[in-house]
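Visitor: Spelled out from the first residue to the last, the chains are:
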Amino acid sequence: MKINDVILRTVTKIVVFIILTLSVYLFFSGHYSPGGGFIGGLVLASAIVLMYLTSDIETVHKGMPFDFKLVAALGVLIATGTGFASVIFGKDFMTQAAMKLNLPIFGETELASVVLFEAGVAMTVIGVVVTIILSISEDE
Amino acid sequence: MKETILLISLTLFALTIMVAFFRVLRGPSMPDRVVGLDMIGVNLLSMIAIISIVLKTKAFLEVILILGILSFIGTIAFSKYLERGTIVERKSDH
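Protein chains in written order, with the numbering used here: chain A, 1 to 140; chain B, 141 to 234.
Note that these hints are calculated values from the structure, not bench results.
Take these hints with a grain of salt, some might be off.
[To be verified] Computed list of lysine to any residue pairs in SDA-like fashion (alpha-carbon distance at most 20 Å, straight line):
1. LYS13/A to VAL228/B
2. LYS231/B to PHE66/A
3. LYS231/B to ILE3/A
[Stated by the list, open to error] Here are the computed distance ranges between Cβ atoms for each label pair:
4. ILE105/A to LEU146/B: 21 to 29 Å
5. ARG163/B to LEU111/A: 45 to 53 Å
6. SER186/B to GLY81/A: 41 to 49 Å
[What the hints assert, rightly or not] Counterexamples of contact, computed for chain A against chain B with all Cβ distances above 10 Å:
7. GLU58
8. ALA73
9. ALA79
10. LYS91
11. ILE105
Owing to the predicted nature of the structure, the values given are computational and were not obtained by experimental measurement.
Glycine residues also receive a C-beta, built at the ideal position from the N, C-alpha and C atoms.
So here's chain B without its partners, still in its complex pose:
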């Protein structure tokens, strides 16, 4: 029973990643692609959590944390580039 639920949710997460990947490929504007990439990151993270429940292991917990951190930083870098045109500024204006 529990295994079935976990496998169904894994399939649905994979489907969500496919839909978000379509948005990354075909996004009309750049912010759509950024949001799609962030959504792929979050869903990948949830998939890893469910896989570590299915396999009954604790080996992937660091992977979850690092993937979350990298996805966070990547989304911030993309949105700052879209908003201001630069990623790292030499001197702030405020």
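Okay, chain A solo, but in the shape it has when bound:
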């Protein structure tokens, strides 16, 4: 049976980009205001789930050929790896560093090594959430 879902497809093409932008904003605003890697990863995973809902698994995998279990494993590796990077320099585990930098366009910017840890957390959350939702909602 063919179902007419033109409106859903058209809306999703725009809304997915809004959700992805919100997730990037939440990811980068996490240092001093609400947000961070976990909630950014959750919102990005919800955008991916919206794409899975509107089209099907094969179409999305053609555009995003990731194995999401591997994404989760790589995220845990990055998150713990940045924790061990401080051990190499003789500090305690998970010690984070931050520095202020004068970039040409952005002005005075604060660079923090916690961003790498948050990226690992975000990748873990994306991989785990998409894997869970795909495995509980697949047909057959």
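Starting from the known structure of chain A, fit chain B onto it as the hints suggest.
Guide: Just chain B, lined up with the frame of chain A:
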């Protein structure tokens, strides 16, 4: 004056959520429950907006966006499940 209007509208939104919750509990059919859940989401979102006006804070704006996104995706997932019986298809037929 403004505070009073905001508090009255908060009360009315809470009343609307109660009525929609009754529809979720007692909906004769499944689509009634889905529409009730969507209505609870939208009214919750408006309540958060009014609360952030009352408290004069910008801290809840992300909450509004995320709640809207989650309610949207949830409604789509429910209606697709009711319409086709599956949520995520392996291969589309068109």
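Visitor: Each hint needs a verdict: does it hold in this structure or not?
Guide: Hints, verified against the model:
For the proposed pair LYS13/A and VAL228/B, the alpha carbon gap of about 17 Å is at most 20 Å, so the pair holds. With a C-alpha separation of about 17 Å, the suggested pairing of LYS231/B with PHE66/A holds against the 20 Å cut-off. Of the pairs offered as hints, the one joining LYS231/B and ILE3/A holds, with about 14 Å between alpha carbons and a cut-off of 20 Å not exceeded. Range check, ILE105/A to LEU146/B: Cβ separation about 42 Å, and the 21 to 29 Å hint is violated.
The hint said 45 to 53 Å for the Cβ distance between ARG163/B and LEU111/A, and at roughly 51 Å that hint holds. The hinted range of 41 to 49 Å is satisfied by SER186/B and GLY81/A, whose Cβ atoms lie roughly 44 Å apart. Look at GLU58/A: its CB is around 5 Å from the nearest CB on chain B, not clear of 10 Å, so calling it non-interface is violated. No beta-carbon of chain B is positioned within 10 Å of the beta-carbon of ALA73/A; the least distance is around 22 Å.
At the 10 Å boundary, the C-beta of ALA79/A stays outside the reach of chain B, the nearest C-beta of that chain being 23 Å off. For LYS91/A, the condition that its CB be more than 10 Å from all CB atoms of chain B holds, with the nearest at approximately 33 Å. Non-interface call for ILE105/A relative to chain B: holds, since the shortest CB-CB distance, roughly 26 Å, exceeds 10 Å.
In the structure shown, a violation is registered for the earlier hints numbered 4, 7, in ascending order.
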